[in-house]
Amino acid sequence: MILYTVDTLLSLVLLSVLFAFGSSRVPALIKVMAFQGIVVSIIPFFITPDMETGAVIFTIATLVIRGVLIPLSIHVAIRKVAIQRDVAPIVGYHASLFFGLGLIVAAAVISRYLNIPSISDSALLFPAAISLLVTGMFLLMARRNAIAMVIGYIMLENGIYLMGTTLSVRARHIVEFGILLDVLAGVMIMAIILQNIKQTFDDVDTSLLRTLKE
Amino acid sequence: MVEMVFITPFVTGLLAFVLPRAFGRQLLVLTGAVHLVLSLLLWKNSPQAWFAEYFAVTPEGLLSLLVISLLFFLIAIYTTGYLAAHRLKSENMFTGFMLLFLSTMTMVTLSDHIMVLWIAIEATTLASAPLIYTHRSGASLEATWKYVLICSVGIAMALVGSLFLTLSMELGGVTAAMSFSTLTPVAVQLDPAWLKAGFIFIVVGYGTKMGLAPMHTWLPDAHSEAPSPASALLSGVLLNCAYLGIFKTNKIMVAAGLSDFSGTILIVFGLLSIVAAATYILKQTEYKRMLAYSSIENMGIIALGTGIGGLGVYGAVICMIHHSLIKSSLFLSSGNILMGYKDRLIANTGQMAKQMPRTFVAFFAGFAGISGFPPFGIFIGELFIIMAAFKSGHYLAAIVFIFSLCVIFAGFARQVMKICFDAPADTGKTAALNFQEPPGLVWPQYILLLTSLILCFFIPDALYQTIVDAVHAIGGGLQ
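If you read the sequences in order, they're chains A and B.
Per the working numbering, the first sequence starts with residue 6, numbered consecutively.
Per the working numbering, the second sequence starts with residue 1368, numbered consecutively.
These are calculated hints, taken from the structure and not from any lab test.
Backbone N, C-alpha and C define an ideal beta-carbon position, used for all residues, glycine too.
Be a bit skeptical, because a hint or two may be false.
Claimed, not checked - In silico DMTMM-like cross-links for lysine to aspartate or glutamate, where the CA-CA straight-line distance does not exceed 20 Å:
1. B:LYS1513 / B:GLU1653
2. B:LYS1785 / B:ASP1836
3. B:LYS1513 / A:ASP207
4. B:LYS1411 / B:ASP1828
5. B:LYS1650 / B:ASP1710
6. B:LYS1513 / A:ASP12
7. B:LYS1721 / B:ASP1828
8. B:LYS1513 / A:ASP210
9. B:LYS1758 / B:ASP1627
As the list claims (entries may be wrong) - Here are the computed distance ranges between Cβ atoms for each label pair:
10. B:ILE1766 / A:LEU106: 56 to 64 Å
11. A:HIS99 / B:LEU1382: 26 to 34 Å
12. A:ALA60 / B:VAL1378: 48 to 56 Å
13. A:ALA190 / B:GLN1415: 26 to 34 Å
14. A:GLN204 / B:ALA1792: 33 to 41 Å
15. A:LEU186 / B:LEU1382: 52 to 60 Å
So that you can see chain A by itself, here it is in the shape it has in the complex (with noise of 0.2 Å):
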């Protein structure tokens, strides 16, 4: 029944991932953003059968980073610069659907040949897993707004996030939260320098960072 929920909670996330793909707004490029941070925050409540105190603090303190505060601390970036909401794509919307859906099929395609004992009990997590950290690659090539690249990063952390919970060796909690706090400080760097980059270009868009080149 547990693992029910937690295919139905990432086929979202797949959906989520095919939303991201064709979002032309920052806005909603951001709000699907905390959305998949916060899916992936919960799925170790479904997928861990007894939890400790620790583990159950850790995870709500994941939900809070990646739910709460990463998307907030965009959200008040953006709110700050007041800035132009396209994001500038560099491939067209409808090509990126195209590769959103053949990415979603791919990544299914291939975790089922992965011989991955953990995760044979949920057919969506590591196929969700893949599409998470590709859409945040695609995002930080395919847009030159610098804040949907911004954007693109954190899916990319997201993904990397949903693939380490689906380890059963994996690292004590105080390590895990130690790559919470540099992904967390990392992103309010970013903000800062989004920030920046508004007031000194006057606009969020990386094509006016092409001084320093060969």
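Position chain B against the provided structure of chain A, taking the given hints into account.
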């Protein structure tokens, strides 16, 4: 005890943010001195860590730590002079982040747990990003943006690689702790397919941070936009820290009997970097960017040497130590050039031999050292790598390597001659030059170069033993 070495600069770094500006510079030098003493104590006693699961003293970590410590102390002395000559708007931020940067890099050298190493390397990115943005210009903003984004994404790939290592433990039924020292003895039990995949991701990830081509694009920007003491730290020690991540993973690969696989990957990335540096160094118009490309070249050489194995690994470690010493001295000298000529372009400098004789000596000697002239250590390191390449039958690699070295030497020499001897294009520049070259801004470079020179003729037994221990773990040696 072990942890004190990185906790100390962390605490003083936080202090530097709140203390008045006047204390910051003294604090920098003082922390540098304390750090050096602590590192030497660590080397002498090699004590147990409080958290032995996460931290340990390893030979390769010790080598990097000693280099970091010595370099930071000398760079701190230079920085006091630099800050006196060069008013920064936010000096507290600068000194504070320099110290935090030192703390995170020290943590890298002492980490033994795979994930803790990742945390520490990502933390070095975060602590050094504000240093690159010190000048608050559009160009420095662009450099910081590229640095943070490219390195964070790259290092995220290393996290994926680390997860794959965990997976290979799971499939191989290994229940040991996830640290390099516990995994190396049981490496044969790890699942080879996932171990290989993990290694590729880790090389791409930490290789981004190390500046291996084709992931090197952030490096010239960041090194040229950062203030010179920060560039010296970035180039001299940060790149080594990232290399340490690859080195330690390679140790597991060698122990698992996959050294051919990992060696080939390292050789390919190494050669790519050397060739990329040779291509770009020819058309550089800025001297700091030129030095940055030379760093890419040297990182390529180190990766190549590690990949070839045997004597090559020994050569790689020699190159690593001497590159740190010499390149940081060159970046510090480039800070003097920038203060003297107030221009980044090579075309607008000139006749440095006459205008700034003391800096000229340091810069020219550094150039000779980094290009591999015989009295300096890079020569010995490169020679070992070439010998190892021929011995192990990597003829093509050796030929590409030697050819690129010649090209880089020619490109580098032409620009250095321009800076040192030619008359500047803009004659106003020489007239406006009244840079006094205070001793605090030249002696650190002399000491760095002298250390490199001495280490070629005389290596203390204890240091030699540490190098041999580090090299031995990945199947290298003096045979």
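Each hint tested on the structure:
For the hint linking LYS1513 of chain B to GLU1653 of chain B, the alpha-carbon distance of about 19 Å falls within 20 Å, and the restraint holds. A distance of roughly 43 Å separates the Cα atoms of LYS1785 of chain B and ASP1836 of chain B; the hinted pair therefore is violated under the 20 Å criterion. This hinted pair checks out: LYS1513 of chain B and ASP207 of chain A have alpha carbons roughly 18 Å apart, not beyond 20 Å. The straight-line distance between the Cα atoms of LYS1411 of chain B and ASP1828 of chain B is roughly 12 Å, inside the 20 Å bound, and the hint therefore holds.
The suggested pairing of LYS1650 of chain B with ASP1710 of chain B holds, with an alpha-carbon distance near 18 Å, which does not exceed 20 Å. Taking the CA atoms of LYS1513 of chain B and ASP12 of chain A, the gap is near 37 Å; set against the 20 Å cutoff, the hint is violated. The suggested pairing of LYS1721 of chain B with ASP1828 of chain B is violated, with an alpha-carbon distance near 41 Å, which exceeds 20 Å. Between the alpha carbons of LYS1513 of chain B and ASP210 of chain A the distance comes to roughly 13 Å, so the proposed pair stays at or under 20 Å and holds.
About 15 Å separates the Cα atoms of LYS1758 of chain B and ASP1627 of chain B, which keeps this hinted pair within 20 Å; it holds. Under the hint 56 to 64 Å, the C-beta atoms of ILE1766 of chain B and LEU106 of chain A, about 47 Å apart, miss the expected range. A hinted range of 26 to 34 Å is violated for the C-beta pair HIS99 of chain A and LEU1382 of chain B, which are about 56 Å apart. Taking 48 to 56 Å as the suggested C-beta distance range, the pair ALA60 of chain A and VAL1378 of chain B does not conform, at roughly 31 Å.
For the pair ALA190 of chain A and GLN1415 of chain B, the beta carbons lie near 30 Å from each other, so the given range of 26 to 34 Å is met. In this structure, GLN204 of chain A and ALA1792 of chain B meet the distance hint of 33 to 41 Å, their C-beta atoms being roughly 35 Å apart. Between LEU186 of chain A and LEU1382 of chain B the beta carbon distance is about 21 Å. The supplied range of 52 to 60 Å is therefore violated.
When the structure is compared with the earlier hints, violations turn up for hints 2, 6, 7, 10, 11, 12 and 15 and for no others.
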